[in-house]
Every structure is written in C-alpha cells, then in structure tokens.
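Novice: Got chain A sorted already, so can you dock chain B onto it with the hints?
Chains as they are written, first to last, in the working numbering: chain A, 1 to 439; chain B, 1 to 520.
Just so you know, these hints were derived from the structure itself, not from any lab. Treat the hints with care, as some may be off.
[To be verified] Here are the simulated SDA-like cross-link-like pairs (lysine to any residue), alpha carbons at most 20 Å apart as the crow flies:
hint	chain 1	residue 1	chain 2	residue 2
1	B	K448	A	V200
2	A	K300	B	I472
3	B	K82	B	G40
4	B	K22	A	V200
5	A	K154	B	S385
6	A	K18	A	K300
7	A	K315	A	K154
8	A	K154	B	Q303
9	B	K15	A	E196
10	A	K206	B	G353
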Amino acid sequence: MFTKQLQDEDEEILKIAKKINSTSGSLSQRFLFFITSLLIRFGFRYPKLKLQTFKFIDVLPSLETKNIYSYFKIYIFDEDTEIPSFLKSSIHFLIHHFYLSSLVSYVLLRVIQFFAKLFILCESKETLNRKTNQTRPRTYDILGEIALSPQEAKEYQKQYIDLIEELPVVIHNIDPIKRTNISIKCSGIETRLFPEAEEVSIQFLKEALRPILRLAMTKGIGINLDMEQYDLKSIITRTAKELFLEEEFKLYPHFGIVVQSYLKSSNEELVLWRKYAKLRGVPITIRLVKGAYLEYERIKSEERGWQSPVFDSKKETDIQFEKNVLYLLESFPYLRSAFGTHNLRSISFALYHTNQKSITDFEIQMLFGMAGKYKFSLESLGYPIREYSPIGSLLPGMAYLIRRLLENTSNQGFLYQLSQGKKLDSLVKNPNKETQYGI
Amino acid sequence: MEFKNELIRDFSLEKERSSIRKTLDSIHRLFPFQIPISIGTKEKFSEKMLAHKNPWSPELVVTNVSLSKANDLEETIQISKKHWHSWKEHPQEERSRLLLKVAEKLISNKDLILSVCIWETGKHITEAEIEFAEAIDFCRYYAMLALNKLSPQKTILLGEDNIYYYQPKGIVGCITPWNFPMAIFTGMCAGPLVVGNIVITKPAEETSATAYEIAKCFWEVGIPKEVFHFLPGIGSEIGDAIVNHPEVSVINFTGSRDVGLSILRSASIVSPKQTIIKKVICELGGKNAMIVDADADLDVAIQSILPSAFGFQGQKCSALSRLYVHQNCYQRLKERLIEAMDGLLVGSPLDFGNRVGPVIHEESFLRLTRIQKENESFIVGKTRSIPTEGFYISPSLYELPKDSSMWRTEIFGPLLSMQKISSFSEGIHLVNDSDYALTCGVISRNPKNVMEAKLKIDVGNLYINRGITGAIVNRQPFGGGKLSGTGAKAGGPDYLSLFVEGRTFTENTMRHGFSRDTIQ
Numbered sequence: 001m002f003t004k005q006l007q008d009e010d011e012e013i014l015k016i017a018k019k020i021n022s023t024s025g026s027l028s029q030r031f032l033f034f035i036t037s038l039l040i041r042f043g044f045r046y047p048k049l050k051l052q053t054f055k056f057i058d059v060l061p062s063l064e065t066k067n068i069y070s071y072f073k074i075y076i077f078d079e080d081t082e083i084p085s086f087l088k089s090s091i092h093f094l095i096h097h098f099y100l101s102s103l104v105s106y107v108l109l110r111v112i113q114f115f116a117k118l119f120i121l122c123e124s125k126e127t128l129n130r131k132t133n134q135t136r137p138r139t140y141d142i143l144g145e146i147a148l149s150p151q152e153a154k155e156y157q158k159q160y161i162d163l164i165e166e167l168p169v170v171i172h173n174i175d176p177i178k179r180t181n182i183s184i185k186c187s188g189i190e191t192r193l194f195p196e197a198e199e200v201s202i203q204f205l206k207e208a209l210r211p212i213l214r215l216a217m218t219k220g221i222g223i224n225l226d227m228e229q230y231d232l233k234s235i236i237t238r239t240a241k242e243l244f245l246e247e248e249f250k251l252y253p254h255f256g257i258v259v260q261s262y263l264k265s266s267n268e269e270l271v272l273w274r275k276y277a278k279l280r281g282v283p284i285t286i287r288l289v290k291g292a293y294l295e296y297e298r299i300k301s302e303e304r305g306w307q308s309p310v311f312d313s314k315k316e317t318d319i320q321f322e323k324n325v326l327y328l329l330e331s332f333p334y335l336r337s338a339f340g341t342h343n344l345r346s347i348s349f350a351l352y353h354t355n356q357k358s359i360t361d362f363e364i365q366m367l368f369g370m371a372g373k374y375k376f377s378l379e380s381l382g383y384p385i386r387e388y389s390p391i392g393s394l395l396p397g398m399a400y401l402i403r404r405l406l407e408n409t410s411n412q413g414f415l416y417q418l419s420q421g422k423k424l425d426s427l428v429k430n431p432n433k434e435t436q437y438g439i
Numbered sequence: 001m002e003f004k005n006e007l008i009r010d011f012s013l014e015k016e017r018s019s020i021r022k023t024l025d026s027i028h029r030l031f032p033f034q035i036p037i038s039i040g041t042k043e044k045f046s047e048k049m050l051a052h053k054n055p056w057s058p059e060l061v062v063t064n065v066s067l068s069k070a071n072d073l074e075e076t077i078q079i080s081k082k083h084w085h086s087w088k089e090h091p092q093e094e095r096s097r098l099l100l101k102v103a104e105k106l107i108s109n110k111d112l113i114l115s116v117c118i119w120e121t122g123k124h125i126t127e128a129e130i131e132f133a134e135a136i137d138f139c140r141y142y143a144m145l146a147l148n149k150l151s152p153q154k155t156i157l158l159g160e161d162n163i164y165y166y167q168p169k170g171i172v173g174c175i176t177p178w179n180f181p182m183a184i185f186t187g188m189c190a191g192p193l194v195v196g197n198i199v200i201t202k203p204a205e206e207t208s209a210t211a212y213e214i215a216k217c218f219w220e221v222g223i224p225k226e227v228f229h230f231l232p233g234i235g236s237e238i239g240d241a242i243v244n245h246p247e248v249s250v251i252n253f254t255g256s257r258d259v260g261l262s263i264l265r266s267a268s269i270v271s272p273k274q275t276i277i278k279k280v281i282c283e284l285g286g287k288n289a290m291i292v293d294a295d296a297d298l299d300v301a302i303q304s305i306l307p308s309a310f311g312f313q314g315q316k317c318s319a320l321s322r323l324y325v326h327q328n329c330y331q332r333l334k335e336r337l338i339e340a341m342d343g344l345l346v347g348s349p350l351d352f353g354n355r356v357g358p359v360i361h362e363e364s365f366l367r368l369t370r371i372q373k374e375n376e377s378f379i380v381g382k383t384r385s386i387p388t389e390g391f392y393i394s395p396s397l398y399e400l401p402k403d404s405s406m407w408r409t410e411i412f413g414p415l416l417s418m419q420k421i422s423s424f425s426e427g428i429h430l431v432n433d434s435d436y437a438l439t440c441g442v443i444s445r446n447p448k449n450v451m452e453a454k455l456k457i458d459v460g461n462l463y464i465n466r467g468i469t470g471a472i473v474n475r476q477p478f479g480g481g482k483l484s485g486t487g488a489k490a491g492g493p494d495y496l497s498l499f500v501e502g503r504t505f506t507e508n509t510m511r512h513g514f515s516r517d518t519i520q
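Isolated chain A, as found in the complex:
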C-alpha cells in the first residue's frame, strides 16, 4: 500500500521530530516538562482521583478561602478515590485535630493558583507590559465567565478594545508572523447568537466585531476569530466571510479564523475558505487546530441523538489534520497557515511539507505554558512560534486551567505517551499507517 516515497517521507518526518525533541531547553523549561510529566503519570495512574481533583478545581472559584479544605475533604477524602481509607482518615484527623484547616485551605489555594499561573499569561492588561517585552509573538485571549447579558458582552468587548489600545502600534512592514494578534471569542462579545436565527445573529455579531476590527487595523494588529462549539460554527464562519468583505476591511491581510480538524467537515471548510480568499484577493490566516470541545460535542450529540460532528477516534482526527495541512499548503498564498498543535508528529509533518514546498510564510501556534521545550527548540531551529496567551483572573480562569490539565493528562496525549517511556519513533508514526497495521 505504502509507496517507497511515502516511507521516505515518514523517515524524514521522524528526523525532524527527533531534532525538535533532542534540544533540551533551559533549566526552567526542563523543570516544567518534568512537573507536567509527573502530573500526567500521576493523573493516569489514579483516574478516580483525577476526576475528583478536577471537580474540586472546578468548584474552587466559588468558594471562600476558609471553606476550601472542607470541600477538599468532601471531594477527595469522602468520595471513592484510589487513596487508601486509612490515609484519608489519618490526614483528616491530623488536620482536624490541630486546627489546620484554614492553613491547609490557604496552601491548597496557592497550589492551584501556581498551576493556573503556568497557563495564564497575566491577570490583566496592566500587568501585561513586562511580559510582552519577550521576543515571542503572541495571540492574546481574554478569559472569564460566560457572557450572559448584553452588559457582560459589552464589558468583554471593552476589554478587547482596551487591550488593543494598550498594545504598541505594529510597524507597518513587519512580517505577519511577528505581528501581535488578538484571538476573539465571539460568544463572549455577543450573547445573542442563536443557531435557529442565524441571519439576525450574524448582524448582531458583526456590530460587536466592527469596532474591534477597526481599532486593530489602525494599529496593525492581527485579529483571529476563535472557533467554539459546533452550534456556532456556521454563524461565526458566515460573519467572518461577510465582514471581511466589507469596504473598510476588505484589504486588510491580517484577519484569521480557525478550522478544527476533529470536525468531519473540516476539509469542505478549507475548500470554501480557499475559494473565498481567492475571491477576496487578500489572504486569510487559517489556524488549523484539532479542536478543544471534543467532550462537549460528544455529550451534546448523544443527548440530542444526533450524529456526532466530530471524529470518534484521535487517529481519524490526526489523519484529517494531515490532509488539512496538505490542502492548506496547496492553497498558499490565498490561505496562510497557522498550525496550532503540540503533537510532535503533526508539527514535524507540517514542517516537512512547508520545506518541500519552500513556504516560509506560516507559523506554529502553541498555548502559553504548554510544550515549552518544543517551543524553545523550534525557535532555535528558526521556526516561527506564536503563543496563544490567555489574560485574566486566575480563579475565573479555572475552566481554562481544567482544559489544559485535561489535555496534559489525557491518556491519548502526546506528552503522556512520552512520559510513559514510549519511544519517539512509535509516537511520531504516520497515523495512516497505524490503521494499516491495526496498532
């Protein structure tokens, strides 16, 4: 089945992967990698404890500090986890006996905050400047509770506008990779998005987006519309398409959108975007990701009895991702690629093909606080990395932290596999091949 050429290709991809993996990074990067691997190993060994821990982190933002221990006890000690009962009861006895619960509450809070800080760039735009002095390009995202009223949406919109105002003007001829970028969560700035009323939702969303786009344009900052759950995909996509063609926006080359490879429809999506960009005559950046709402989509489609819009297996998503990479690169220069992944095989695959096609105008996007070691080595190899960097309070940002921890501790995750001592060779295997041999 596999031609010699494909075999060679896989070997080349493996070589790239090895090169990226071999650079060890700074001491702190290595320390972080060590911590993450430890967490992952721990998390997978004790799935019940992992579930309870996540539930505990989830409730934390709603707790007064003095109550934290009592919830910790309910979630971790009273529920069935892998911790032996005698250990649970003796720890609780000690804490209770020596009146330590306030102290323990405080310590727990600080520990969770420590982890949250690993993934959240800073708490507000005021604390931003020192960190932006770093050379790495970013795309900023604003964290928080779900916007549930027009006022809350207005506040988010204002936060985006303030952030853009705060950021320095980008020199006009700077290349798109180094250009500052903002990622916008559409459901945050407009609450009236109703799948059954797509047309009017699009009108609302356009109104909310226009001032942000306008300001970003004057400052030379790139704008990326994040993709959310499947329900909203059509609204966000259509809004982007209509808005980017409006007179004042149609020539701006630094707009972007997301395509999620876990969607069965992602190929079609790219075909449509290419046609669109060709028509518009100005490139669009496509951030190709695997997709962050997997569990949600599965739960929702089961509840409704609908066929799931996402692939069931990670392998299918990986295969789709590679197809999408090839299509994206073929669509250059209409579509500009931004590969959003931490998977070494996926990164190496994309790099191999950009090399083959001699495309240099692309970027790799990774989340702040994730895969630090790879970011470092990719940069030292001269590849462009952009960090998706959330800004927001640590506690309301807990939902974001949980998504990161889930990703890091998923037993299908790349880091997990690596931390389990799996050989790199087998980890960067062609996903198509795995199908072939039934691995």
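Specialist: Same frame as chain A, now just chain B:
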C-alpha cells in the same frame, strides 16, 4: 421493540430553517381554521363558534371552534359502545403497530402541525420542535410499553392454570391543556387508545386546530373514528358533561388545580344509572422552586434559570417561579440575572431570534398585568423592551415579603420571585413548604447537599445543575405529587397501567386425578 427518542431538527442548518419557514409564513392564508365536532364517522359544525385570536396580532382570528353539547356526547357514547369490542379484541401487536403509524403520519405533517401550534400559542420554534418530538415519543413509547409490559402473565401449576391479564377500562374522557397542545394532547389520547380504550377528547379551546390536525393523523392511519372522538368546546359545558356522564370510566385531565379538584369531586358522585367507580387522573399545576447553593457555578445557574422561568413565557406547569439563593452568591447572581433578563429579546415567534413571545390570550394578559401592577413595589428587575401590540408580558423578577400570595399561587406567566437563604437546608425547607410537588432544581457542587436534596425534596422531578423544564419521554417520566396531581408519570413505565384493570383466570385442569401435565 426498542424505544429511541425522536430527533429534534438542527435549526443551525439553513435547509431546516427554510423548510419550516415556508409553511409558517404562508399558513395564515388558511385562517380562520374551522374546527368541527367529530362523532364517529360523522363531522359537523356547531351553529355558534368560538373564536381564538392570535396572541401577537390579536386582530387576527386563527381558529373558530365548534361547541359540542351534552347530546353530542350521548351520541358518541352510543357509537362507542357498539364498536368497543372489536377495538378491545384487536391484538395488542396490531394496536401498537397503528400507534407507530400515527407517529410516522405526524412526522409527515410536521411543518404544518408546528406552524398551526405556533400561530395558536405563540410558542418559540425550538420549543415547538421539542414538544413535537415529545408527541412522537409518546406514540412510540406507549406502543412499546403496551407490548412489552402489559402482556399476560401465566402461573401454571400441575392442576391449575392461572393467567393474569389486563383489560381496558372502557370510555376515557381526555380533557387536554393548551400549553402543550401537541405533546400532552397526543400522549393523553395515545396512552388509553393503545391498550384498547375508547377515547373521547375535548381539546383546549385555545388550541383546537392543533389538536384537530393531530387527531386527523390518528384516524388516517386506521385508528377507528368510532373509538376516537373529537368533541371541542368549552370546559364548563362539554368538559363537565364528560366528567359527569355515568358511562365514562376514566377522566384523564391536565389543567388547572381548581378544575382538577372539582373534577375529582364530581367524579366521586355515583349517579343512579352509573355502574362503575370513576377513576380520575389529574396532572395539575406547580409552584416550582430552585435552590442556588453557595458554591454554585453562576454561569450554570443563570443558564438554567432563564429558560426554566421564561421559556414559553412561563406557561408551563414545570416552570420555575420561586428562586432561593444562598446569601454568599445572592447579590452577584441577582445582578447578573437582572442584566441577563434585560437582554432577553421579546417579540413575535415568527422571528426565531426572539426568546420570549406573547402569552396565550387577553384574559391571561390582563390577569398577569394585574399581578404585575399589584406587586410593582417588589419588582427588582425586568425586561424593558417589549412590543406594545400583542399579549406581551415583560419577564420580571421580584423580591417579595414572605407572606405574599405570589409565593403560593401558580401564576402561569414569566414572573419570578427570589429570596435569600442562609443555608441549603433552609432552601429545602422553603421548597417543601408548598401545596405543589412537581419540579425542582438544585444548583450546587456540594455532593453532600445534592444528596440531601435527593432525599428530602418532595417533588416528582428533581433536576440538578440544569434547567427544570423539558422532561423527555423515558428519560424523565413527568408528573408530581401533593396538589400537583394524582401521581401519573407521563412517559414513564407505569402510565399505561392507569387505563387498564388487572383480571385473573384461574382454571382447574384436574379431571378425576389426572391432568394435562401428569398424563404425558
């Protein structure tokens, strides 16, 4: 036979929206619908008709309803008695199969039925879609249930055969409400029919056209018109006649508490010609509460409160009207809730972007306006922008004194009251301090409190960390206790047993010391 819930359409797809759009926007050309009385194979119109107006354009008459009288009922009963035996002796497989065909027939008329319902009630498209799916679910679920759960049970001994089996009860009068004219109407009629009863139905005056479209689907697939009669009209006339008729065995009623209790009283009187003890199945109101705990996820809380309290303008027996919020998050929740309420889009359901539509009719509108006026000083927030034409009531939030009647009486409108609690247990106490026991919600992440709620809260349907409306057949059998009803659980495993009587055959098979089994 396996049961699966009917799918609801994905209205994010353009083709699904445009398919319903066409019917919805053109159906007004057929107004007003003329609704006949259907007695056996005969249909007729009454001389005087009752007009039902469209809730958002009250100058428009949607439906003219014939008014059935006591002599119409007498005629249906005579016809029914002649045809009952053949229907009752139909094999169960056959009746179940017919009900499955009803489901298919309904689906093929879906856009029409949905559109009629929306124009009669002012219901939002998605809510109508979900309600329609429930109607389909009832048909399929009861068809399955009748086959799987009501087949005869045998206990065979060496010399004795015992067979326990179920007989339909006879004539069932179904008096149905306007708020779920598709689901409840279908379910209340389909249940008794599938196990072999005769059904005489009186649909709500407000939604007779929707009910008639559904009844036609029953007849068209072969449910005999002689055992399923359609007697529209006014509750105090034909409704009373059905309740009081000596030959009606079961009254299946969903509606207001006052009417339900008066039915129970009337039905308990045995008239001279009567030879049966009437059974009354009542699904009455609710005064449903939700407790928001100190540790609640406020995003989840508000996303649960809004549709539960204001979905279909609060005109659901399961709707939320009492909100008990822990003091730790009271202020924050109140502020966010008020803002979210003010952002609700109120307007005609023809515009799918609107979240809240008009209430059912002028009477309701005036009653709710009066309640709003009387309690004006307790309003803490409301949706400000509402259309001036049509029966629109702005969703509003109250902080009421403890003795206000609004805490106790069912309101059937988008009015929500909230109160601060200092502990979760206080919340449970307040929830239970009610005449009703239908639905309740708990928003909490404390497993101990959630457990306490499960053990102590006295309601038929308890929902945790989600909204309290939208029960789904088979997943959440619906119905409550206390003055909320007689405990029927629609869409649940026990529903059909309300329409049957257990009978036993016991046959001695021994002859002079031998029997069928000993001689072999």
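Novice: Has the given pair, K300 of chain A with I472 of chain B, been kept, meaning a C-alpha gap of at most 20 Å?
Specialist: Holds: K300 of chain A and I472 of chain B sit about 15 Å apart, inside 20 Å.
Novice: Please verify whether K206 of chain A and G353 of chain B have alpha carbons no more than 20 Å apart.
Specialist: The given pair, whose Cα atoms are some 15 Å apart, holds under the 20 Å limit.
Novice: Need the status of pair K154 of chain A, S385 of chain B: alpha-carbon distance at most 20 Å?
Specialist: holds, 18 Å
Novice: Need the status of pair K15 of chain B, E196 of chain A: alpha-carbon distance at most 20 Å?
Specialist: holds, 11 Å
Novice: Take a quick look at whether K18 of chain A and K300 of chain A sit within 20 Å of each other, Cα to Cα.
Specialist: Roughly 39 Å between the alpha carbons, so the hint for K18 of chain A and K300 of chain A is violated.
Novice: Would you check the hint for K448 of chain B and V200 of chain A, treating anything up to 20 Å between C-alpha atoms as holding?
Specialist: violated, 44 Å
Novice: Check whether the Cα positions of K315 of chain A and K154 of chain A lie no farther apart than 20 Å.
Specialist: violated, 40 Å
Novice: For the pair we were handed, K154 of chain A and Q303 of chain B, check the Cα-Cα distance against 20 Å.
Specialist: holds, 18 Å
Novice: Taking only the CA atoms, is the gap from K82 of chain B to G40 of chain B under or equal to 20 Å?
Specialist: holds, 11 Å
Novice: Within 20 Å, alpha carbon to alpha carbon, are K22 of chain B and V200 of chain A?
Specialist: holds, 18 Å
When each numbered hint is compared with the structure, violations occur for hints 1, 6 and 7.
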